[in-house]
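Asker: Numbering-wise (the working numbering), the sequence shown opens with residue 1 and increments by one.
It should be emphasised that the hints constitute simulated quantities derived from the structure, not laboratory data.
Zero decoy hints are in this set.
In the DSSO-like style, the derived pairs of lysine-lysine whose C-alpha atoms are separated by at most 27 angstroms in a straight line are:
{"hint": "1", "residue 1": "K205", "residue 2": "K83"}
{"hint": "2", "residue 1": "K274", "residue 2": "K260"}
{"hint": "3", "residue 1": "K83", "residue 2": "K198"}
Derived CB-CB ranges, DEER-like:
{"hint": "4", "residue 1": "A279", "residue 2": "Y306", "range": "26 to 36 angstroms"}
{"hint": "5", "residue 1": "I315", "residue 2": "A276", "range": "13 to 23 angstroms"}
{"hint": "6", "residue 1": "L314", "residue 2": "W278", "range": "15 to 25 angstroms"}
{"hint": "7", "residue 1": "M202", "residue 2": "I169", "range": "16 to 26 angstroms"}
{"hint": "8", "residue 1": "L33", "residue 2": "L70", "range": "26 to 36 angstroms"}
Even for Gly, the Cβ is constructed at its ideal location relative to N, Cα and C.
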Amino acid sequence: MDRRADHTAIVGCDLVVDGGVTESPGSAADLPLLHERARSQDGAFVWLSLHEPSAAALNRVADVFGLHPLAVEDVLHREQRVKLERYEDVVFLVVRAARYRRHERISTGFVRLFAGPDFVITVGQGTVMDLNSLRADPRAPAGGPWSVVHAILDRLVDDYVDIAAAMQIDLDRAEAAVFAPVVASGEQISVEQIYQLKRQEMRFKAAVLPLQRPLAALAAYDDLHPEMRRYFSDVADHLTLAAEQVAGFDDVLSALLQAKLTQLTVDQNNDMRKIASWAAMAALPTAIAGVYGMNFAHLPGLSWHYGYPSVMLLILASVAALYVLLRRAGWL
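Work out the full structure: start from the sequences and follow the hints.
Answerer: What follows is the structure, encoded as structure tokens:
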């Protein structure tokens, strides 16, 4: 087995005793010994962070910590639904992290967590969430493995709330661009841009909404200390706020898309009426001139001295009258 590949997958590994880090191994080969030390000391646990490990590296970790093969198989599959599963005394949790920048797509990535009596293991996919930065916070491991899980989920949901606030700003701008006059708003928005916002919202919703059930389950998990359950309940409340905003985004974007399509239809109808109006005004003098352009020997007024200026005057008057009528009708 390639030990170097194992070490590359590890982005953080610590032995935590009494809420503080006491040892960080230099390689994956030290994991079995580190786990034994955690099991032999009350309140000690291993905090291991992996990033996109190979199958060989993940299987090695699974052998050390006794992870269930079905959970390991789920980690190796890149696309997974958000879920919470229990394998004896180990809880397996799959969540989606998200990142959002204005005028860019939402990026999502999976974070898988294993929480056991003497270890917590996180497996990251993508670059949307820096799990290793939580190690700088001494409060994260203070309450044991579940304290680390809470810190990760709290950071995750805080990111959701920030993304929802950023999306709200973009939605407000899109709404102003759709309904406000162009001169007043200074911006225009296309159907494609609204549809892109809709796709971003759908990606975000796929991350936020499915997490509600796992968080509710953790808030009512009997094996957790009541104080820790209250912490998870607080995170669930924040998630509910983000979920309600996402549900509102869905309705607003659907309404904006429909309104923009209606505006385009109205604009097309207005263009067609204008084209038809100008065509009618062009056809009227053509019809009059066509009558007097026919090759007949006898036409009314053909030999009249004022015939030509009278026909010109008739054409101008007819076109002017038609213009006024079309203008009043709103076609021009």
